[in-house]
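Undergrad: Protein chains in written order, with our numbering: chain A, 1 to 278; chain B, 1 to 363.
Derived by calculation from the structure, the hints in this document are not laboratory data.
Wrong hints could be hidden among the right ones.
Unchecked claim - With a straight-line Cα cutoff of 20 Å, these simulated EDC-like cross-link-like pairs (lysine to aspartate or glutamate) come out: (1) B/K94 <-> B/E108; (2) B/K51 <-> B/E245; (3) A/K116 <-> B/D80; (4) A/K116 <-> B/D34; (5) A/K116 <-> B/D106; (6) B/K146 <-> B/D95; (7) B/K84 <-> A/E181.
The model shown is predicted, which means the values in this text are computed figures rather than measured ones.
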Amino acid sequence: MVAATDNLARPRKKPSFRPRGLSAQRMIGAAIIAIVVALGILAPVLGLTDPNESSMDILVGPGAMHWAGTDELGRDVFSRVIYGARVSLLVGLGVGIFATVVGVPIGVLAGYTRGKVDLLIVQIIDLFVALPALILALLITAIVGSTAENIAIVLGFVMWPTTARLVRGQVISVREALYVEAARASGGSAFWIMWRHILPNVVRIISAQFSITVAFGIFSSASLSFLGLGVPPPTPDWGTMVREGAQYLSFMPLMSIAPGAAVTLTVMGFYLIGSKND
Amino acid sequence: MTDADTKIQPLKVEGGSPATETLLDLRNLSVRYDAGGYGVHAVRDVNLTLKRGEVVALVGESGSGKSTIGHALMGLLRFDRNVKVDGAARLVCKDGVTRDLLAINDREMQRIRGNDVSIIFQEPMSSLNPLHTIGHQVSEAILAHKRISRREARERALYFLRHLGLSNPAQAMDRHPHQLSGGMRQRVMIAMALSCDANLLIADEATTALDATVQAQIIELLQALQKESRMTILFITHDLGVVAEMADRAVVLYAGQIVELAPTASLFRNPLMPYTQALIDAIPRLGSSRMPGYELRGIPGRAPSALDAVTGCSFHPRCPRAIDACKTDMPALEAAGLSRLVRCLRWKELEQEDRSERAAAFR
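Here chain B stands alone, though its shape is the one from the complex (with noise of 0.2 Å):
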């Protein structure tokens, strides 16, 4: 044990360039589940690479295969027998080593999960134990990586639950997770999900669970977090409002497969994807009833089933914009412009089409 370990450290502040040094580099991966015979491809030959210090937000609808993702960097989904993860997914450890989270035994996948990356789960409600007191768990959570004594760990979790602004931390140590309200409780579990220091956090619709408000302020505190300590986010989410205020880029995941990549401010401002554009207008807007003409669009049909395959393109079905084309050639992941990826046959006629259409408005 050496004395740095014992000593409680601040939430690490690292120097340098932040946003130029990978630390998580996904390729090719694909998950397939096993149901009842039939395979169910959930995700799809996904491609990825996270810098360190950024916020990455991975959006689509339910069954898009996001969380998917986020349980596979996780190694939860070995668990299940009925999966079959493949792929790599390149971490640069604490130790300086680069480990494939997914060809390394479970040994190895135990002493990097919680510490090295960690997760958020959706159901603050049910993600602690309710046997167990608030310090009792998150004091295990230090426990399972540092060599540090009980009462150590206690320390640091008390810290912890203090830094996430628990009010009153010291008795909520002693209380039951039944006695703290969602908000509070999504706070432990930050807490247990910071207290290692782990370099790369997942979020798995960390806010979805919650009020609004709550929410509001769990998404503040994870702000200040990330711009404290520099840590890497994968924010995964549904909610685009969401997206819009956390990440710096973000991954359109649609079927298992991304159908667009982009800096945050351009997804938005230039959506190239019909599909992402749907979103966007999926999205309700304050005073918007008022508005002459204006009528909330939502996308029609429903995400596929990752059952029957859909040949082509696998949002024709649903795209607005659909040609013949689009039901038989699969559109490849093109780079469109600065730092974006779009996987849409048609994305350079649309753009031109959106533009002329723009200015004709403008004039």
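Chain A extracted, bound-state conformation (with noise of 0.2 Å):
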């Protein structure tokens, strides 16, 4: 046999501590988020006054019984603001999963396939963007009622058309790969060829998308509350939250002002780890 003279590669370096791709950026966004779902998880276990429970003490000041103030039911804002991370966490998880799980494989398929599936495919994700989502949002969870599941769900169903096209437009360039051609010259599948080939070269940037699309959905679940088509109360919302304290904005600003902060923190979290530049 012919002799091989050519030799292996040195094998790699052991990974160092920060694996590759974790900037800066994504190790905050991950640390955030990190608490906070601790927080979530935790609430119970963590000592708090119960979310819910009314008390005398109506609209009081932050001091040392309650950190932040209580709210005109007399109830605690501070853990009212933790246990709020549940639902908006489930929503926006539920927003993320829905998005991708229905995005992805259209996405795929569109680029992958091209022709008419693409253009049938495309015109119905431009319908969509052209849409503004929270309006259309807004309008679907007015008809089929606003419990935390239905609002995910609605969420999801706005922001696949965003997830399948960024997909379609990755699986475009990797398609024209050489081991794409190579894949088909072996004789591979369609289908093969798509969840072998170009699904893993597009994971990157799927899981960067669905830590924006839950961003996305934690802000919009928000806005729904604020605008009264938020989960129903008594759970403890962010969105709710801070519609109900914005009447009393002037002298409890805290109110409003603790839950609208967790919102911009997690949401703030999530983009960060979504983050493409590295």
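Assemble the dimeric complex from its two separately framed chains, guided by the hints.
TA: In structure tokens:
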């Protein structure tokens, strides 16, 4: 047999503490989200006041008893902000999962097959993108009713075209790669090529987009709540809290600012994770 | 699943008279690209027969249509809606059935790819998916056609990698493409191409992207494999050195047409078409710079873009021996002696001229 003279390249160095692609931005984002998630999950064991328990202390300012004061029903604002993370995160993740599960296969299919299927999908995507997402969500939520599940599905439904469009663009560039042609040449089926060769190469962008979709979901669900189409009371919800606090803004600003800051911080965390510049 | 399928089979060695049986019959192959309203005729009326166990080289400049022919045979042009392929390519498949590769449906073509015809691409650096290990990719190629278990496919993959002279094949199985050198990757690509015992291997500029030493190794390897398995190779290249080394017959393409077809030895000894002569003259020779009066001759002008329609012989604008008739009359592909074809109006005259010239020089 022919002698082999070329040698195997040396194995790569062990990965450093910070894996590649995890930029400072992403680290900060991940830290914020980790804290928010931990607080949301651990809320019942943190020894907080019951978020739904009314007391005689109505509209009391911040103090040792109530760190962020109480609302018009005498409920502890701080406790409600912490508990509010639960609904927000669940809705946000629901939106992300729905948009990804629907958008990614459609995007891959459109990008890989091109032709008529692609044309049809692109038209639908453009239709969605042309409509203002929040107004559409508002409309549908008003029709189907605002439970947490409904809100997640509705927001996911208005968000999947964005994911699909992004994935499609990436797939179009990946499908031209020589290894895709090589995979075809070795007799691979279209499904196998999409699954084994295309999808793994767009995972990065899918994960970034997932994170951004979650951020959108949290922000939009807060917006819906603020507009009165949120999760029904008494469940603590950031958007609803901002809305209720707005009436007392002049003398109890923390009632709106605390949940508002929670939304801002959480959304920022997810955006930082999804940020592309590393 | 039969028992024979599950065992690793040695590369096939077939008896009989290999050079007589037709494996592939290419009839009137034409390929048109639609480029923004313009039709580009990349391949025009190519007829070619490949015998079992034969190595045929397709030679030509960039844009002569040689790679397009390879891709057409693999059915890879189907993925581009702007390409129209005409003609017939009848291949004797492993199951004994002759199929027209240009007429069968996509599903059938998928079964042929890698199984009956396989291809090695020019760019080993980008022909492997960076995300999967070598072992995985070779096994996948095997699993695409053989109904065997994952473990058996891996064993078979390992067998082929070892057979192709990969140093430390067991280790290489778990490596990712970026950890291998170009030569190694090309060996992996060849392993993938051979792993299902295809009868026809298309080597599409398989050595072009490699450096000279590795190139020599790969050619040597392909020669050894060809001898051993008696597979048919269609060697697409622009390197005449490779042609001389590898091929039994050579086909010279110019502007999508066959302009000369000859057994390799006769082609180099006595090229009939002025284009072939010019190509051979354009090979630099070792020590030539010290030879008095020697000048490396290029071919003036450049290969015609398939967009501009050239009347007459497509080579006439660059041909040093063109006459007026060449500008208007399209030469046909004529038989020129034993198993030779040439497309030139003046080949007989020119052969006479050259012969007397040589004789004069000898005297």
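Undergrad: For which of the previously enumerated hints does the structure constitute a violation, in increasing order of number?
TA: Every hint satisfied by this model.
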